[in-house]
Structures are given as C-alpha cells and as structure tokens.
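K.L.:
Here's the letter readout for the chains.
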Amino acid sequence: MSVSQAIAAGDVALLPSRRDEDWRWTDLRGLIRAMPPVSPASERRFEAGAFGDGDVLMVNGVVRGDVEALIVPAGERRTVRLRVIADTSHTAHGADLSVSVGEAGELTLLESYEGLGEGYLTETRLNLSVDAGGRLERIVLAADAADAVAVSTATVVLAKGARFEQTTLTTGARRQRLETRIAHPGEGATVRMDAGYLLDGQRHADLTTAVAHEGVGGETSQLTKGIVRDQARGVFQGRIVVEKGADKTDARMGHHALILSEKAEIDAKPELLIYADDVSCAHGNTIGALDEDALFYARQRGIPDAQARAMLAEAFVGEVVDRIANDEARDVARQWVATHLGAV
Amino acid sequence: MVAVKQTVEHVESLEAYKHGFITDIDQEFAPKGLNADIVRFISAKKDEPEWMLQWRLEAFERWLAMEEPTWAKVNFPRIDYQDAYYYAAPKAKDGPMSLDEVDPELLATYAKLGIPLKEQEVLAGVQGAPKYAVDAVFDSVSVVTTFKKELAAVGVIFCSMSEAIREHPELVKKYLGSVVPTSDNYFACLNSAVFSDGSFVYVPPGVRCPMELSTYFRINAAESGQFERTLIIVDKGAYVSYLEGCTAPMRDENQLHAAVVELVALEDAEIKYSTVQNWYPGDPKTGKGGIYNFVTKRADCRGDRSKVSWTQVETGSAVTWKYPSCVLRGNDSSGEFYSIAVTNGFQQADTGTKMIHLGANTKSRIISKGISAGKSSNTYRGLVSAHPKAKGARNFTQCDSLLIGKDCAAHTVPYVEARNGQSVFEHEATTTRLSDDQLFYVMQRGLNQEEAVALLVNGFVKDVLQQLPMEFAVEAQKLVAISLEGSVG
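As they're listed, the protein sequences go chains Y and X. Take the first sequence: its letters are residues 1 to 344, numbered as in this note's numbering. Take the second sequence: its letters are residues 345 to 833, numbered as in this note's numbering.
Just so you know, not all the hints are guaranteed correct.
Straight-line Cα separation of at most 30 Å, DSBU-like style, residue types lysine-lysine; simulated pairs [as the list claims (entries may be wrong)]: (1) X:Lys632 - X:Lys362; (2) X:Lys456 - X:Lys493; (3) X:Lys493 - Y:Lys248; (4) Y:Lys244 - X:Lys719; (5) Y:Lys244 - X:Lys750.
A few chain Y residues that face chain X, going by a derived Cβ cut-off under 10 Å, partial list only [unchecked claim]: (6) Ala41; (7) Ser261; (8) Glu271; (9) Asn285; (10) Thr286.
Since the hints were derived computationally from the structure, they do not count as laboratory data. Even for Gly, the Cβ is constructed at its ideal location relative to N, Cα and C.
Chain X extracted, bound-state conformation (with noise of 0.2 Å):
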C-alpha cells in the first residue's frame, strides 16, 4: 500500500486550481442587489446611448415575468437574485486606457495567469510563434484589447463591448439580439439586462483574419457575477478563429457567471469558436464554493456554405449548463461541435449542443466526450432537428462517457427530431469506466496511477484535442490531467 500512500501524499501536495488566486486592487461596484435603476446604472457607466438603455430596460421587463427552468439535471439552492453585485470594475481614470495606464496589479495578474497582454511580449515569444490578440476581461469591464491597430489594417474590429456600442452601433443595432433574442431564456434574458462587457468581432468580406483573437475572462469581486455579451459577425467569405479562456478564485460562495455569446457566419463565411472553461469548481472535498456556469451560446449559419465549429474543454464550474448550438438557416452550411466535459469533485455538468438544420444539404457532426470522477455528475443533452425543407441534412452523433469512481454518474439525454424523409441522422452513445486491464498494463510499463489515468484519458478524449488550435491543445490536455487529480487511489 506504499504506492497508494505515496499517490494521495503527492495528490495533497498539489495545487489543484492555481487560479485560484485573489487580485487586491481598488475596485467600484454598483449597489448590491438588481432593479431598473441598476440596470441604468450599467448603461450610465457604459456611457451609452439611449436606444440600448432601453434595449436593456425592456429585456429585463421580461426578465421579471419569466421563471427560473429546472429542466437539467443539477441541483443547486436557488440563486438570490438580489444578493449580488451587477456591475464591479478596477477604479480606472476616465477615457480609454494606453497599456502604460493599465494598473501594475492588474498586469500582474495576467502575467500570473499567462496571458500576454502587451504586444511585445507576444512578438518575445519563441520565435516563429504564432501572434494572438487578447481582449481581457476583469469582472465587469474589459481592461485592455491587444493588437487592435494590426487588425484594423485588414479591417478586422476587435475590440470591447462597450467600445463597439460607441464606435459601431450600426452593426451592434443589427445583430445584437438577433442570435440569442432577448426572452430566448430566462439567463440570456438577464444577461440583456445587465451585461457589462465582453468582446466584439467584425472580419469584413474576403478576409481572412491573420491572427487568433481570444478573450480572457476572469472573475475577482466576491459577491458578484459576469454577465459578459459576445457578439462574432464574419461577413461573406471571411474567416476567423476565435478562443476564450476564464478562471476566478476560489471562494465559498457560488458567483454566477450567465454569458451571451452570438456568432453570425454569412455566406462561404468561417468561424471556429474555442473555449478553455476553467471556472473554479467549488472545494473538491465539500464541495462548497465555485461558479454556476449557465451560458447561452449560439451561432447562426445564416449565409450558404458557411460554417461555424464550437470546441469546448470543460473542466471547471461547480455547475455547468450550456449548449453551444447552430442554427443551420444557409445552404449547404455546416455545424460542427467538439466537447470534452471533465468533472471531479462535486462538480455538476449538463452539456450538449443543438444542431437546427433548417437549409437544404446542411450537415452536422458532434463529438462529445465526458468524463465523470468523485461525487460528480455529467450529463450530455443535444437535441438535432431538420425541418421538412432540410432536404439532405446529415448528422453524425458520437457521445462517449467515461466514468471513474463508484459514486459519479453519467448520462446522455439526446434528442432527434427529424421531419422529411431526405435526412440522414446516426447517433451512437457508450458508457464505460476506466479499463482495469488497460491502467493494469500503462502502469506495469512504470508510470505511476495518475499519470496512467492522465495518459488513457487523454487518448479517451484525443479526437476533440485535435480540434483545439496548438497551444490551447496542449494546455486543454494538462488542465484534464489537473482536472482528474486525485480522483483514484
């Protein structure tokens, strides 16, 4: 029993969530709590203009007649509303901020979470590496976009939220709202309401954008939750590649984190959409503390041929409950979601994807792996649907669960729906734990167990890796490993 003393003596020594850190830095909030007048508030901080106040006065009208769902499969006490701050942002001069003006502290937590927010510690890296322009997030405003002029010199806007409300609202008018619509969900409906910031994408028509843009989110208030509002239009034969990455500290209290995130692919237009979530998940031993994940994340093919691909790498939250979908309206437009859901610990996930084929010859593919360790659960939940004039929609639906530990559960829920009898659908579904003679014989070849679990996990999981740009694939790939410490022996 030496090995397995050893194993739990090295699981205790690690640090399991290393973001788990708190930035001290001189923060405003908005008074706790959520009503119309909070609501003005954020828009009056945001300096914007009339139209969006109301925008966001109506959606949160509606938010007050709607009720919380109850559909998915987590449990959790019921969220008070009014027991939160709405709005928390690093007490900044006025105007917009040079990177020189940026507070040390807050640069100082980038740094500690690896993420380059000046330029030339970009272009320092290894050489030969590739660029990425960074929009950073901190609780409720954005704190700084990178690489904003090159980007500018194809054309591309990338830039805040905010900034896009003030610089661009001929294209915010248009298609704010018109993905995820205000009353979609009772989340995406609070969301409208109270959004505070997030990032915005334009790649006009042709372009092919020269760089991977990515957002970084990071909660740091107690007390409070992220509502941040993605908005993606790639016009006509554009492409664009987008990743997000999120962490906050680790705190007792559950925050809450309800997210917008809309794609809009014009014709022969291109997104790839990538996310490393890695909230914290509430103490592995109680359970106590963590994010509630409840994100609305959709995407509409609107123009013919286009085409929208969602990866997802979910390791952490204490509650997750998103599904990042496409609505297939063009032609021959295709959808495609890749999903590896780890959870340990108390951790709950219900997560899947919907793939509406409303076009003609419109095809779809989900992979979808989950892993379940410790007291936690993960569920898949898809719903794949063609209409009567989606002659020729093709689907392939591969769901794999992988459970590790007597007390975790798993389960696929998916939906299929289809309408005309030109359409081809497959799904398949296994549920499996950890092979005994596969760890059995990795560990016989001298690896210890959790990297035994780390090494099959990871070819459990490998189709979807490979969906990852690099060097996210080879941090999603740790970040399982961290993930699933400590969940045998």
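The shape of chain Y in the complex, shown without the other chains (with noise of 0.2 Å):
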C-alpha cells in the first residue's frame, strides 16, 4: 500500500489508511473517493523558490533536464538546490530520484516543496546514500496548497562513519506526510533529524521517521517541534530501532508542540525498540499552550500580548532552527520560520 501503487495503478484502495498501523492518524482512504487523473506535463519557467532557482527541479513528476540522479564523487563537497514543484490542480503524479554522496564528500541539499496548484496528489521518493565518512546535509522547506495531498518519503543508509543531518519545516497540507527511514548499517554513522512544523485552518502535517541502528556505535539526535492552531493537526511518529549487536548506541528524541485552539490536535507516538543492552536511549514528548508565566513576565515588561506571543513561538520552533549546520540554510530557514508564523 503506497500513494505511488495507487498514482499508477488509479485504484484509490491501494491508498494507506487507518487501518494500516503506521498510518492511523493519516487516512488517505477515507479522504480520497476517486482518484484524480495522471498530472500533465509542464515547461513553464518559475520564479526563485525559497533557496533561489534550482539546480534541480522536480515539476508534476518529471526531473527536468538529463539529471537521472543527484551524485556527489568521493572527497567532494557540493550544495544542490532541488525544487519539487506542484504545478498543476487536482491531478496526480509521483517521482523518484537517487542522491549518493562518495567516501568522504559533502552534500548540502537544499529542497523546497512548491505548491502552486490546487487539489493535487502527489508522492515524492528520494533514496539517499552516504558512503563511508561523507556528510550529507539536508534542508527542507515544505509549502504545499492548504487542499493538496503530499507525500514525500526520503530513504537513507549510511555507510561507517557518515553522518546525515537533517531539518524539515512545514505549513502541512489538507492531508501531509514527511516520511524519513534511516538504516545505520555502518560503524558509528550519526544522525541529527530535525523537524518544525507550524500549522493553521485545516492543515495536517504528519513528520514520520524511522531510525534502525544496525551498526556499532551509532548516535541518533532528533528534535521535532511544532505549533499548531485554528483546526489543524499534528502528528508525530518517531521509531528508534536498536538491532541485536548494535552496542554502544546512543539515541535521543524529543516532540513538543504546542496547541495555541480549542479544537487543534496533536498526536504523537515516539516508539523505541531495543534489542542491544549495551545502548543508552531516550525520548521524551511534551504537549501543551503557551506558559502563561512566560506570557504574564513578557506582558509586566511592557510588550503586548500577541508581540509576547509571537516571541515565545519563535523562540519555541528556533530552537530547531538554530541546529542548522550551514549558515545560508540557516539563514533562509529562520527567515521562512519568521514569515510562516505571522500567519500562525
């Protein structure tokens, strides 16, 4: 059960639905009745995304140019800018492409997710490797239509000693999946995975991540926060799997959130499984609204309540912001932070 399967098969049962463990708190079944025809191609030339124009680009499906896939040579160091663009409404596509980082090199990709039509459906599946000792850094801004369905599942296996790092920011969509799986086959391979998801009206973003320690030594550092208000929803699943063997592996993972409505909701289901001993591993999940000491403090020095507000907010998401490792991303990323709260 795939949206890829269902995309090319045009069968809306094959969708994912709650019924499907790992997809209770999504159910595309239940919301897609028919499935819309395939996604048409387009040439149209786009303006600067939020990291510039592209290196590489993504549109309704089809990677534009000769670029079969995204390689970086052993020892080098590259920054990628790839834009997945939605350019159409109420139709649906699906695309792949493979990202490989050489021994030793370096990769910054920054991607952004455009919605510029209405009502589509979408899956995007990147698979990603770093070789032994490379590094791989990755950067995405989602913005996708507020009625769109979007898909977006990033493969990864790391190599002895690579390290990945990963940031994802996103307004969500009618119905939103950001799914990452990571395998760690390799000797201390480290990750830090990131995630910021800021919600309004009847947005839903679902931040899904699978980490499976496989190797010796490894280390998973994960922080996801987000915000949500009107009737929007928010769901976190984070899995940590320790695999017999796989000594010596230190793995953390945070959630918070906060519900600034009534009627938003957040759910969250931080799993670890562990099959080594020698391992130290932790998650922790908190959800709640704003500390009101914090806001009573802020207000007692003079500063208006929604300008209080917003300062707690931004405080709250940068937190994951700030663990960006290269300083352009990071500078875009606070910047699409600051812009995407005023609306929240």
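Assemble the dimeric complex from its two separately framed chains, guided by the hints.
P.N.:
This is the structure:
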C-alpha cells in the first residue's frame, strides 16, 4: 500500500488508511474518494523559490534536464538546490530521485516543496546514500497547497562513519506526510534529524521517522517541534530501533508541541524498540499551551500580548533552526519560520 | 572464576518457581471444547438466571464473528480454542460451604501458598497486623470468601461473582459489561461467554472499607483455562483497597487466562487496585509451558473527583498482554498506573495502560518500570488521550526500561492524542542497561552478584513498590529478586 502504487494503478483501494498502523493518524483512503487523473507535463519557467533558482527541478513528477541521479563523487563538496514543484490542480503524480554521496564527500541539499496549484495528489520518493566518512545535510522547506495531499518519503542508508543531518520545516497541507527512514548499518554513523511544523486552518502535517541502528556505536539525535492552531492537526511518529549487536548506540528523540486553539490536535507516538543491551536511549514528548508565566512576565515588561506570544512561539521553534549547520540555509530557514509564524 | 561457578550453582539450587506444585484433588470438568452448549453448561452449573445465560450466549455469538488480534509484540503458536476445558471445579456437595466443609486438600494448598483462609489465622498473626479478607478462586469456582459477616456489618458486599448474580442481580445487571462491553475485544468477549467466577465488591456511599480485600486466583487443572470476572463498584465518597494474586502449577502446556476486571468509581470514590501476578512463566531454559495472560482491566471514573489507582507487579506468565486503563469521565477525576514488569527466560510481556481524559481538569500519572533479562521481551504500550471537552487535562508519564543481558529486548510504544488547547501532557522514557559501575561498587562492598543485581533492581523499581500495600510490597520485592535469579553470570 502506498500513494505511488495507488497513482500508478489509478486505484484508491491501494491508498494507505487508518487501518494501517503506520497511517492511523493520516487517513488517505477515507479522504480520497476517486483517483484524480495523471498530472500533465509543465514546461513553464518559475520564479525563484525559497532557496532561489533550482539546480534540479522536479515538476509534476518529471525531473527536468538529463538528471537521472544526484551523485557527489568521493572527496568532493557540493550544494544542490532541489525544487519539487506541483504546477497542476486536481491531478496526481509521483516522482523518484536517487542521491548518493561518495566516500568523504559532502553534500548540502536544499530542498523545497512548492505547491502552485490546488488539490493535487503527489508522492516524492528520494533514495539517499552516504558512503564511509561522507556527510549529507538536507534542509527541507515544504509549502504545499492547503487542499493538497502530499507525501514525501526519503530512504537513507549510511555507511561507516557517515553523517546525516536533516531539518524539515513545513506548513502542512490537507494531508501531508514527510517520512524519513534511516538505516545505520555502518559503525559509528551519526544522525541529526529535526523538524518543525507550523499549522493553521485545517492543515495537517505528519512527520514520520524510523531510524534503525544496525552497526556499533551509532548516534541519533532527533528534535521535532510544532505549533498548531485553528483546527489544524500535527502528527509525529518517531521510531528508533536498535538491532541486536548494535551496542554503544546513543539515541535521543524529543517531540514538543504547542496547541494554540481549542480545536487543534496533536497526535504523537515516539517509539523505542531495543534489542541490544549496551545502549543509551531516551525519548521525551510534551504537549501543552504557551507558558502563562512567561506571557505574564513579558506583559509585565511592557510587551503587548500578541508580540509576546509571537516571541515565545519563535523561540520555541527557533531551537530547531539553530541546529542547522549550514549558515546560508540557517538564515533562509529562520526567515521562512518568521514569515510563516506571522500567519500562525 | 570460582565466584561465577558458585553463583551458577547457587542459582541452580534455587527453587525458581515455588508455586509450581499440583494439588491432587477430585475435580469435575465440562466436556472439552467450546460451543453454545458449553456456555449453557457453565451457566447451569452456576445456577444462573435466564438473563445471565442470554447475556453469555449473545457474547458467544459475537465472539464467533471476531478475529483474534495480532498487533501486540508477542509471538506464540495459535491457540486451539477447542482443545481446552472451560470449566473445572473441585467436586463439592451442593449449597454454600462453610470453611469446615472445604476439602482439606484445598486448605492445604492455600496454606502452602501462604494465603490465610481461616479468619482466626489472620487474627492470630502478629499483633496489630491489619486484617484482610480473601476470596479464593480455584480454577473455575470461588471456594471460600472470608470476613463476609464483618464486612456486611458496614454494608460492604464482598462475595464471588456467582453469588452476586444470585443475591444482587440488580447491581450486576446495572454494572456488568458497563465498563468493558461484551464485544470490547476478542478475549473480553470470550470471557463474557464463558466466565466462571471471580470477585464482586460493592462499597456503599460514604463507607471506607475497613480492611483490605483480596482475591487469590489459582489455576490447578491441566488443559484448562481460567476466565474470571471481577466487578468492583465503589459508591459516592467510598473507598476500597483491593489486592489480587495469582499462581499456577508448572506444566509443559500453555494455559490461557483471559480475565475481565471492571471498576466503577462514583462521585468522590476512590479505588486502589493492586496486582501481584505470578502465573507460571514457563521453563526458563526452554520456554516450554506457562500461562498466556490476556486480561482486560478497565476502570470507569464515572463520578466527579473520583480516583482509581492501578499498581501491578508482573513477574509471571509466558505471555502477558494487558493494559489496565482508566476512563476519566468525571470532572476532576484522576487515574494512576504504577507498574513493574519483569521478564526473564523466554517470557514476553506487552503491557501498559490507557488514560482516556473525557472530563475537565482530569489528571493522570503513569510510572512504568520494565526489566528484561534472559531471552525475554518486554514492551510498554500506552495511550494518553484528551477529548475536546477535557479542558485542563494533565498527564505525566515516565517509562524506564532496564536491560540485563545481550539477548533480551525492551520496547516503548506510547501513543499520545491531545484534542484540545488546554491540556498538558508530558512523557519521558529511557532505556539503559544495568550499570557495570554500580554493580562493581555494590559487589566491592561484599554483596554477591545476585544480591547486587537484586539491590540495584529494587532501587530501579522503588517508585512503584512504594505504592503497594505494605504486606504486598515486601512480597513483591522478593518476587522481583527471585524472577531475576540466574539472569546474570
């Protein structure tokens, strides 16, 4: 069951539903009654996106130019702007792309999801691999249309001593799922995987992650923060698996969310599945409203209520942005958060 | 390596599961298998009114249409529901029994298990020791309930479920199945069809039950299952503390225990429910035998300001699959769940709780300590949810897992669903192994390895042990230590 299969077969029955445990809070089968037609090709030129003009464009499920895969040769350093654009309305498309980083290579992948149409259905699948000693930092800014259904699935394989860093920031969609699956088969691979979601209206965002530690001495540090208001719904599903023999694993996962209205909703499932004993794993999950004491303090200092709320919200999500390693990307992300917080 | 050898010998010499004996007693059985006639047979044996039989038959019909769930992180061969006895009882003459009429073999069994069935024995204990009343359930029937008269004097009803159906049908009709509906889940539905006995408690308004109530469940017969049903109703402003214990003989076959426990707390009522579960866990070396403990336990905090506290010490059973839950319906009601789950050998446990916040300002607290050793697997699975109307809901959850050995597994699977902007939920979980430094330090002080492990583990679970009634806390502490014997070295 996957969105791609459903699009390929034109069969709604293949869409994931609440009955699939991993999709219990993101029901697509119940939402989509009939499969939309396949998206048409688009030759349009686009204005600059969040990260400027793109190096690689995927428009309506088609990769422009002769790009078959993004490959960073061993020892080299690259920055690639990848724009995934839905320039269509009420149609469906899927796209795949492979990204590989050679030994001791480095890639900064600046990825933006841009919904220019309405009511589209899409799945983007990325296969990423990082060879020994390589490094990949992926910054994702997702701005889908409010009534779109968008799924993005990234599968990551890390070799010995590889480092993977990811920050995903999103404003959601009618249903949106940003899924990352990481396997650490190599010794000493390290992962930082963060996300922030800012949702209003009837938007929904589902941040699903699965990290499998298979090699010795792997590290995972994960922080997800979200703010929801109106009737929005934020979903976080994080799974860390430590396989037998993956000793000396250090894994930490945190998910913290603020609900700023009466009817918004947060659903969370932070899982730890541990099959090795010499490990140190922890997760924390908190859900609540803005701290009344902090608001009181700010007001007492003469800061108007609305501004105080905005400050607290920005500081709350700011923690995720601060962890971005690439300076340029961090500035863009900070600006992006400020713009979208204005709406929230 | 002499020390290691000594430890191994010491462990081998221990009687790991001391409740594993079989009582040789004349028993009568229902024919093997499960069909509507067996349901009728059980109902007839219990001399039940027609409405009860209909209730059971309806449940049986529904059960036939249900599928056995498979979502838990446990593995076991498919259960053949036709290859078991659904009713087994010590042969007895008709009518209610006084203690003098109870088979001496049975009394000896309970004496051996350390359960006081004679009221004078309880009284003859240490001076000033608190009294506690016992309902003893042996396979499918309750054999004796103590202190009934003393309890009746303050209006507390404490009797077996069969007796309650006969003597207090209005209460049973009103509350049975009101917390765990017949078709709630596969095993609860099976229980509704074939439940045999269990305890019934009613505490009238404003009464603080003068003593601890307890039920002791014993499976004895081979190839049988135990399906007890417990119903506790605590009326406005009343309080009761209830304990349950359970053991079974060592057998090579797996036996099913599918109980249903329903608690109802009305306004300002409080229920404290403690369990020390020590069913036979199966052979620690081969994993053969042991009880499948698939239990549905749920409390309904129906009244405002009501409170239910679950405390469980799970050391036994081959496979445990249970989630004692609280439905926090009344405003300002609160639920607590304190759990220690120890798995060793080939045991598997998938246990936790559900805290369903429906009323305003409801509070819940979950403290779960899981310890896995040997080749076992231990999962905490829990749900905390707040309904849109549950303004001001508050939950704190802490789940810690401790791993002892290379071949065991520990999992934490919490679900959190917040559906309003005024609730505060906090959850934290850690998984670590027993610290080498701590072990080294304690052993340096002269404790052997087993004692050192027991000491550290007791420190790990202390927050939960403190919630148990005193007599149980001591027993539970020993039980945790015994369950872990042989896990290190």
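K.L.:
Next step is simple, just say for each hint if it's right about the structure.
P.N.:
Hint-by-hint comparison with the structure:
no., hint, verdict
1, X:Lys632 - X:Lys362, "17 Å, holds"
2, X:Lys456 - X:Lys493, "26 Å, holds"
3, X:Lys493 - Y:Lys248, "61 Å, violated"
4, Y:Lys244 - X:Lys719, "12 Å, holds"
5, Y:Lys244 - X:Lys750, "8 Å, holds"
6, Ala41, "42 Å, violated"
7, Ser261, "5 Å, holds"
8, Glu271, "5 Å, holds"
9, Asn285, "4 Å, holds"
10, Thr286, "5 Å, holds"
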